[in-house]
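Student: Take a look at the letters that make up each chain.
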Amino acid sequence: MVHGDPMITFGRFFLIALGFSFVYFGARDILEPLIMIPMGLGMATVNAAVLFLTANTMGTIFVDPMVSDTAQLMDILQIDWLQPIYTFTFSNGLIACLVFMGIGVITDVGYLMMKPFTSMFIAIFAELGSVATLPIAVKMGLTPQEAAAIAIVGGADGPMVLFTSLMLAKHLFVPITIVAYLYLSLTYAVYPYMIRLLVPTKLRGIKMDLKGIPKITPGEKMAFATITCVILSLLFPVAAPLFLSFFVGVVIKESGVTRFVEFMENTVLYGSTFFLGLLLGVLCEANTIFNPKVWILLFLGSLALLLSGIGGIIGGYIMYFLTRGKYNPAVGIAGVSCVPTTAKVVQKEVRLVNKHAMILPFAMGANVCGVITTAILAAIYVTLLR
Amino acid sequence: MNPFQAKKGYWLTGMVVALIGVAAVRLIAPGLSGTTGKAITLAGGIFSMAGIAVIALGVKRRAEAEQGAAESQACAPPRR
Chain A
25 MVHGDPMITF GRFFLIALGF SFVYFGARDI LEPLIMIPMG LGMATVNAAV
75 LFLTANTMGT IFVDPMVSDT AQLMDILQID WLQPIYTFTF SNGLIACLVF
125 MGIGVITDVG YLMMKPFTSM FIAIFAELGS VATLPIAVKM GLTPQEAAAI
175 AIVGGADGPM VLFTSLMLAK HLFVPITIVA YLYLSLTYAV YPYMIRLLVP
225 TKLRGIKMDL KGIPKITPGE KMAFATITCV ILSLLFPVAA PLFLSFFVGV
275 VIKESGVTRF VEFMENTVLY GSTFFLGLLL GVLCEANTIF NPKVWILLFL
325 GSLALLLSGI GGIIGGYIMY FLTRGKYNPA VGIAGVSCVP TTAKVVQKEV
375 RLVNKHAMIL PFAMGANVCG VITTAILAAI YVTLLR
Chain B
3 MNPFQAKKGY WLTGMVVALI GVAAVRLIAP GLSGTTGKAI TLAGGIFSMA
53 GIAVIALGVK RRAEAEQGAA ESQACAPPRR
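If you read the sequences in order, they're chains A and B.
Per the numbering used here, the first sequence runs over residues 25 to 410.
Per the numbering used here, the second sequence runs over residues 3 to 82.
For reference, chain A alone in the conformation it holds in the complex (with noise of 0.2 angstroms):
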């Protein structure tokens, strides 16, 4: 520790009292408990088992994400106890896509069906921050391949913000996905705040229509979930295993086979979860966190989820005007696609200010949208930029 840099030394006391904080916030709800407590204890516990180690030693007994040369990774594969996850899960995109199939037995695309026109307006408008963010990045400095791939942290989806800084910015890969769910998390917590800030009480508690809400059969939503997946992987290629996992997911749901759903839903998404907030937190290490560049990334993020929950605010402006007050502008939020984290916030949101204002629904048809936009996004970047 004497002989290393002492900013170096600084940056890890800092990073073991942030993560205690995590797990702190976590424990409380305040963050995102199911990402927050296990990263919060990788962090602080990698940061710590590193200290007295130099500056430039890149890499920990825990994991090196640097590390490329073949050789080398075999003797880190038997060495670091998390490198066999990293290599086989996150450095392939192997976990994006299993997060991505827990979302999809969770996702019921009924509410993006009910009110497909209105569910792609709003999810639309919750893409500003994605694309609005590219620009402001490449003047910054950054390449147009990184600047895509920390402006589609705006569609607030994790696995499309790994999948897509793996095709476009794989150096970065490893920041940009932990500024990524570092700011996910914070959704969570700031969301609820912008919504108070920006939609007056009385919008907030505008009560929707429930009454006219069509019943969707399974056979339905699993013809409408087949065709979809075919349609986007014949447009954007790059991005068909994603497509696959999500919609796989959403026809095992709605197939009805129990094993295969309640696998999906506790073994895949909660198993994928822990691993990948276990995984983030242990890469949060001094030398991979101060580096110039995150700094611009993490304003970056920010910026970009900011910006996507003003958006879709804005469009729920635009449909309460056209629907002459009868759609909560709240609902707009929902669209920046952190499934089902927003839809959750609004309902939360709108129920502290009437009671019997029910708008899961809406919010939820808007949420699914936000998915599917994100994706599309993220291959159009990929497409253009890679």
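Just so you know, the hints here were simulated from the structure itself, not pulled from any lab data.
Please note that the accuracy of each hint is not assured.
Stated by the list, open to error - Mimicking SDA-like on lysine to any residue, the simulated pairs with C-alpha atoms at most 25 angstroms apart in a straight line are:
| id | chain 1 | residue 1 | chain 2 | residue 2 |
| --- | --- | --- | --- | --- |
| 1 | A | Lys231 | A | Phe141 |
| 2 | A | Lys239 | B | Lys40 |
| 3 | A | Lys231 | B | Arg63 |
| 4 | B | Lys10 | A | Ile237 |
| 5 | A | Lys163 | B | Lys40 |
| 6 | B | Lys10 | A | Thr241 |
| 7 | A | Lys239 | B | Leu44 |
| 8 | A | Lys372 | A | Gly349 |
| 9 | B | Lys40 | A | Pro261 |
| 10 | A | Lys235 | B | Ala72 |
| 11 | B | Lys40 | A | Pro168 |
We have chain A; now place chain B onto it with these hints.
Tutor: Okay, now just chain B, sitting in the frame of chain A:
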């Protein structure tokens, strides 16, 4: 009644429109350069999304019609 039969026009139209969009993006646009190529790509993407939305709209209409029929049956006076 089979839910797919009720609004099969929407299913068929939606699929055809979406596939026309795919053909525009994957087959026609790569052969064109500059603004025309980009315009065809954009139009193809919009067509594909519109096709998917048409299918969703058909399902919605079928479900609404069924719901309306059920409600009117419930409101009808009982037969003697």
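Student: For this structure, which hints from the list above don't hold up?
Tutor: 2 and 7
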